[in-house]
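K.L.:
Next come the chains, spelled out residue by residue.
Protein chains: 2
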Amino acid sequence: MTTLGDSFHVYDTTLRDGAQGEGITYSVSDKLAVARLLDGLGVGFIEGGWPGALPKDTEFFARAARGDLTLKNAQLVAFGSTRKAGVKVQDDKQVRALLDSGAPVVTLVAKSDRRHIERALRTDVAENCAMVRDTVRFLVAEGRRVFLDAEHFFDGFAFDSDTSLRTLESAVEGGADVVVLCDTNGGQLPLGLAETVADVVARTGFRVGIHCQDDTSCAVANTIAAVQAGATHVQCTANGYGERAGNADLFAVVGNLVTKLGLDVLPRESLAELTRVSHALAEIANIAPDSHQAYVGSSAFAHKAGLHASAIKVDPELYNHIDPGAVGNDMRVLVTEMAGRASLELKGREFGIDLTRRPDTLTTVVRKVKELEAGGWSFEAADASLELLLKDELSELDAPPFTLESYRVVLDHTQDGSIVSEATVKVHVAGERVIATAEGNGPVHALDAALRKALLPHLSWLDSVQLNDYKVRILTDQHGTDAVTRVLVESTDGEREWTTVGVHGNIVEASWLALCDALVHKATRVGE
Amino acid sequence: MTTLGDSFHVYDTTLRDGAQGEGITYSVSDKLAVARLLDGLGVGFIEGGWPGALPKDTEFFARAARGDLTLKNAQLVAFGSTRKAGVKVQDDKQVRALLDSGAPVVTLVAKSDRRHIERALRTDVAENCAMVRDTVRFLVAEGRRVFLDAEHFFDGFAFDSDTSLRTLESAVEGGADVVVLCDTNGGQLPLGLAETVADVVARTGFRVGIHCQDDTSCAVANTIAAVQAGATHVQCTANGYGERAGNADLFAVVGNLVTKLGLDVLPRESLAELTRVSHALAEIANIAPDSHQAYVGSSAFAHKAGLHASAIKVDPELYNHIDPGAVGNDMRVLVTEMAGRASLELKGREFGIDLTRRPDTLTTVVRKVKELEAGGWSFEAADASLELLLKDELSELDAPPFTLESYRVVLDHTQDGSIVSEATVKVHVAGERVIATAEGNGPVHALDAALRKALLPHLSWLDSVQLNDYKVRILTDQHGTDAVTRVLVESTDGEREWTTVGVHGNIVEASWLALCDALVHKATRVGE
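Sequence order for the protein chains is A and B.
All residue numbers for the first sequence refer to full-length UniProt numbering, where the first residue is 1 and numbers rise by one.
All residue numbers for the second sequence refer to full-length UniProt numbering, where the first residue is 1 and numbers rise by one.
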């Protein structure tokens with residue numbers, strides 16, 4: 001519970017509206033994992049889906065009711081439509097499914113734009129109002145708390161404000177205690193939207209919520225402007241996932257509400273979890289995190305400019321809008337051709353290497369990094385490879401734990417349709433020449449397996465090292481399959497994670513380079 | 001020239017501030033290509049870089065001056081600092097470099113936050129003002145038009161408004177004709193920022209510009225709010241590229257100004273070019289376009305929800321905030337497990353296939369698509385593969401132009417360090433069994449080369465087919481290199497482009513599937 005209690009709602013709809021995003025498909029266990037993370041963060045409401053309309057959502061609520069989901073902070077919300085036109089509410093199967101879900105809170109979606117009522121629902125305003133009132137009343141009588149999502153509210157209000165307000169009134173008459181103004185098509189801008197919200201609050205006195213889509217790239221701004229105009233309930237999705245351009249990003253909205261408006265909308269200790277939770281939710285959605293995302297992106301506090309990098313050495317707080325640590329993020333200095341010496345010096349400091357008194361080394365490393373980057377390498381995301389490069393230049397590296405003589409990978413798609421990948425490596429380790437062969441799902445997997453098989457008897461620490469993530473980027477798309485490939489490998493030993501990079505025209509060789517760096521980097525840490 | 005002429009400036013800084021974005025590195029010819037695209041779009045000003053500070057930027061201006069860049073709409077702008085503290089302006093090398101660049105317009109950056117003046121510049125307010133005034137005056141006397149970027153303006157104004165205003169006054173005294181208020185650390189929100197802009201306009205009467213960073217996810221909203229408060233000059237970058245969370249996105253800002261505020265800030269015919277230019281600029285930056293970007297993203301008008309998809313058949317304009325064609329984008333209906341029959345029916349219509357009277361086929365295809373998507377396939381971006389699947393189900397496909405017997409790929413990293421990829425395919429084509437072997441840069445390239453070698457003597461149309469783009473996505477990052485791989489291949493025959501998809505645990509087999517679909521799809525079009 002936050003200090004604001006029920007007086008301000010952070011309402012998450014990642015599992016319902018967020019799941020409309022292109023490329024997002026949650027399984028039921030994904031949905032449970034998402035709900036647990038959001039609850040841990042301390043949001044007040046988690047909209048779990050549309051029971052009765054989507055089988056997976058029905059199952060999600062059933063499993064939650066069976067005890068597969070225990071919430072500490074949040075209340076679970078079922079989303080659904082009002083009764084259909086001309087049908088009695090108690091006979092409406094979809095409404096029944098909302099009750100059956102067992103969710104203590106129900107959010108009903110209703111049309112609040114006369115054109116939608118007439119052209120999409122093909123009914124009239126009076127019946128639309130009755131549908132809203134009846135359904136809310138029915139659910140409230142069954143002990144549910146009910147919110148109303150007034151779809152297309154802003155467009156409808158501009159076209160015919162009377163109809164839009166009547167929709168809200170019908171909901172409140174039925175017993176709804178929040179009416180949520182939805183910018184469903186996402187065409188609003190903050191100043192105009194804030195005026196409408198203030199107008200609605202003044203004219204109705206209702207408790208107002210806000211739900212914004214990002215079609216003008218203003219969803220976060222619109223949400224904040226609505227709060228400043230009187231809304232006390234914000235609907236968001238993790239990382240802004242959602243249909244078309246997406247929804248208002250939970251993390252930016254919360255970041256702004258807490259750090260800019262001073263509203264404690266999450267439990268105090270949760271703010272520092274924003275970055276971690278954002279990345280975990282991206283993982284579950286299987287969408288690469290947006291590195292430029294406000295507050296939580298890996299670049300959100302990354303400084304590249306040589307100009308600023310020198311000033312940052314003097315006074316970091318002058319160059320960040322907040323302390324990155326407050327949201328669990330870090331300031332990073334990027335090593336690129338634009339950054340130059342000052343950035344690399346700072347980067348060295350991160351690795352515990354003092355380059356201040358080694359101006360010649362610094363010059364050499366800057367030149368080497370520039371050359372490599374010109375060939376497609378990138379150290380921005382591969383600190384471990386950069387550290388190896390720096391230490392190599394300073395002659396601080398021990399002899400590598402192994403050396404390669406050769407490898408061969410054979411891929412067979414046989415006549416019976418089976419596919420076999422087999423790799424053989426010949427390496428020198430601990431004074432011995434070792435040959436090992438292994439199969440794998442693909443060429444890189446086979447190569448990794450063969451290398452491990454060869455090394456493990458000699459390097460026992462290898463056992464703890466695992467691949468966390470493997471990313472492939474084709475660098476120029478001018479040449480189709482003969483482009484240069486950059487591979488990033490994230491490894492872990494259960495305690496630390498580190499990322500290495502490999503670049504080559506051949507994807508297998510690029511992967512090999514990144515895999516080798518990962519092991520060499522681990523070797524530098526063994527015995528520390 | 002727009003109808004607004006000089007009274008409203010669309011000022012692009014993709015080549016300077018945008019180049020600070022993590023992962024962006026422009027070559028000089030990239031920079032020229034970017035400038036040509038922006039000029040074609042009709043922006044008023046193109047900030048080309050910082051001559052004298054970055055060698056590539058110096059060269060860019062030199063080549064532009066030599067005639068490598070002919071601008072129809074825009075004026076080229078050189079960016080740079082004021083003279084250093086305690087140095088005469090005519091002796092300042094960096095200021096000299098701005099003149100030498102030959103750019104008709106110069107934007108000077110100056111500190112307007114007292115803390116930055118004292119702690120980063122280590123000088124006092126009076127000297128800072130003199131630096132601004134002297135430098136502007138010097139450049140104006142040399143015939144340049146000068147704008148002032150007042151760095152950290154909003155933070156500075158909140159801390160000590162007098163100092164911030166004195167910076168602006170010094171610039172105008174020197175002859176600057178726009179003072180640009182910069183939210184350099186990006187911490188502003190629209191309502192507060194609009195108040196400050198209105199306050200500055202009211203107190204000074206100066207012509208005011210706006211430059212926003214996206215650290216609160218409000219850069220676009222802040223830019224629009226500033227215009228509503230009186231700013232008549234907006235600084236943006238293509239696709240919001242820029243340091244940390246990025247800058248205000250040119251395309252969203254222009255889209256909003258034109259379609260929401262009715263300001264004709266670009267030549268009338270340019271609006272429909274927004275999507276094309278955005279994607280071309282992403283290509284040059286070598287950054288995958290953001291599919292969820294407002295106005296220009298491939299998902300910006302993509303509808304997934306089964307609910308909405310049925311309504312869209314009735315009345316598309318109810319579900320888009322603008323006509324997608326107005327910005328050169330398209331409405332798309334996504335085929336996913338959530339979409340169901342209505343979406344697939346609409347999709348069939350796009351391919352010229354009428355599924356309305358084939359309900360059984362529709363049921364089978366929906367089920368098949370769901371099964372494949374559960375296994376990692378995605379047809380959202382691979383229309384050509386979906387079309388093949390649909391036609392196959394309708395038995396509308398001819399026999400495939402070739403069939404595979406087997407392939408083998410061998411990769412050797414030899415003892416001398418050379419790397420060889422060789423592929424052999426055995427295929428049946430035009431009644432013959434053909435065996436062909438070829439080498440390539442990597443396994444997929446070798447396989448593609450061998451397949452072409454085998455087929456070309458029998459399928460002459462193959463000659464025109466080229467790979468445009470090849471994308472690899474590792475689907476679950478839980479298992480490192482044994483994850484499932486999805487490959488998207490974009491092909492072209494010089495007239496059309498089409499995308500196919502392949503999914504497999506083995507990256508080479510996934511690529512093979514996508515390559516084969518690409519050729520089979522082309523075969524369905526031969527002779528049309």
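Calculated from the structure, these hints are not laboratory results.
Mixed in with the good hints there might be a few duds.
Copies of the same chain look alike in the list, so a pair counts if it works inside one copy or between any two.
Taking lysine to aspartate or glutamate and the EDC-like style, the derived pairs with C-alpha atoms no more than 20 Å apart in a straight line are [what the hints assert, rightly or not]: (1) Lys370 to Asp160; (2) Lys391 to Asp360; (3) Lys471 to Asp493; (4) Lys426 to Glu269; (5) Lys370 to Glu317; (6) Lys368 to Asp199; (7) Lys370 to Asp323; (8) Lys391 to Asp463.
This one's a predicted model, so the numbers in the text were calculated from it and none came from an experiment.
K.L.:
Hints first: check each against the structure and report whether it holds.
P.N.:
For each hint, the structure was consulted:
1. Lys370 to Asp160: neither (60 Å within a copy, 41 Å between copies)
2. Lys391 to Asp360: Result: close within a single copy only, 14 Å intra versus 65 Å inter.
3. Lys471 to Asp493: Within. Shortest intra-copy distance 19 Å satisfies the 20 Å Cα cut-off; inter-copy 30 Å does not.
4. Lys426 to Glu269: Result: close neither inside a copy nor across copies, 52 Å intra and 63 Å inter.
5. Lys370 to Glu317: neither (29 Å within a copy, 50 Å between copies)
6. Lys368 to Asp199: neither (61 Å within a copy, 50 Å between copies)
7. Lys370 to Asp323: This pair counts as neither: shortest intra-copy Cα distance 30 Å, inter-copy 45 Å.
8. Lys391 to Asp463: Cα proximity of Lys391 and Asp463: none, with 25 Å in one copy and 50 Å across.
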